[in-house]
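Colleague: Keeping their order, the protein sequence lines are chains A and B.
Using the numbering used here, the first residue of the first sequence is number 2, and each one after it goes up by one.
Using the numbering used here, the first residue of the second sequence is number 75, and each one after it goes up by one.
No wet-lab data here; the hints were simulated from the structure.
Every value quoted in this text rests on a predicted model; they were computed, and no experiment measured them.
Glycine included, each C-beta is placed from N, C-alpha and C at the ideal position.
Fair warning: there could be bad hints in the mix.
Said to hold, decoys possible - Here are some of the chain A residues that sit facing chain B, going by a computed Cβ distance under 8 Å:
| # | residue |
| --- | --- |
| 1 | Gly10 |
| 2 | Gly30 |
| 3 | Tyr31 |
| 4 | Tyr40 |
| 5 | Leu47 |
| 6 | Gln100 |
| 7 | Gly104 |
Unchecked claim - Quick list of simulated restraints, FRET-style, between CB atoms:
| # | chain 1 | residue 1 | chain 2 | residue 2 | range |
| --- | --- | --- | --- | --- | --- |
| 8 | A | Ser15 | B | Lys91 | 45 to 51 Å |
| 9 | A | Glu77 | B | Thr94 | 39 to 45 Å |
| 10 | A | Tyr31 | B | Gly90 | 29 to 35 Å |
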Amino acid sequence: GDSVTQMEGPVTLSEEAFLTINCTYTATGYPSLFWYVQYPGEGLQLLLKATKADDKGSNKGFEATYRKETTSFHLEKGSVQVSDSAVYFCALSPHTGNQFYFGTGTSLTVIP
Amino acid sequence: EAQVTQNPRYLITVTGKKLTVTCSQNMNHEYMSWYRQDPGLGLRQIYYSMNVEVTDKGDVPEGYKVSRKEKRNFPLILESPSPNQTSLYFCASSLMVGVTDTQYFGPGTRLTVL
């Protein structure tokens, strides 16, 4: 079935470091791909999304490119800030169907 | 303010005592969904609804019921809660069926079943 696999955490980085959180997926057809962020004590918020191959989603300095050949949607940011500390979830929604599948989440802590 | 609200935010109960967690959205969204979040497992979809009176099972529906009598409300019902339903629950909604639409999440309900 459809699924998402993302890198294990937790991840701890110094401020201004480069961030990569890996995400790969298994799905038939052409799913839509998402990154959601969960700040402490809150619900999830959409960070960015991509709906077709080679699309790049971007928001708040974060980017992810939909790579169908490697079935990946890795999240990157060039220079993280303390305020980026949160849990990041990769997710997919199949092209046909109405369900969402989330990864296990990756906790990021950015230290000054 | 556009939002998804859930009540209660925290609940401690005992095995077998029926409970309902309410979810309401004020954005006129068609699609609503319930998830549970567990350490190491991420979010798993329990039930979803594409519109009034249309509901369907997600990946982990056992032990849960839902109803969608009005567009804005999507309550989650645990008829006979058990300790393995201790979890953090999130309700979410999106304007249309969620293939490409952004889901908006509620703040979560932390449930403990003793």
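Colleague: Holds or violated: is there a CB of chain B closer than 8 Å to the CB of Gly10/A?
Modeller: 11 Å, violated
Colleague: So, Gly104/A near chain B? Judge it on the closest CB pair being under 8 Å.
Modeller: Because about 5 Å separates Gly104/A from the closest Cβ in chain B, which is inside the 8 Å limit, the hint holds.
Colleague: Next item in the hint list is Gly30/A. Is there a CB on chain B closer than 8 Å to its CB?
Modeller: 11 Å, violated
Colleague: At a threshold of 8 Å, is the proposed contact between Tyr40/A and chain B supported by beta-carbon distances?
Modeller: It is violated, given that the least Cβ distance between Tyr40/A and chain B is near 11 Å, above 8 Å.
Colleague: Hint validation: Tyr31/A versus chain B, beta carbon distance must be below 8 Å. Holds or violated?
Modeller: 10 Å, violated
Colleague: Falls inside 45 to 51 Å, the C-beta gap from Ser15/A to Lys91/B?
Modeller: 48 Å, holds
Colleague: Once the shortest beta carbon distance from Leu47/A to chain B is found, is it less than 8 Å?
Modeller: 5 Å, holds
Colleague: Return holds or violated for the Cβ distance of Tyr31/A and Gly90/B against the range 29 to 35 Å.
Modeller: 45 Å, violated
Colleague: Holds or violated: the 39 to 45 Å window for the beta-carbon distance between Glu77/A and Thr94/B?
Modeller: 42 Å, holds
Colleague: With a cut-off of 8 Å on the beta carbons, see whether Gln100/A makes it to chain B.
Modeller: Since chain B brings a Cβ to about 6 Å from Gln100/A, closer than 8 Å, the hint holds.
Hint compliance for this structure: hints 1, 2, 3, 4 and 10 are broken, all remaining hints hold.
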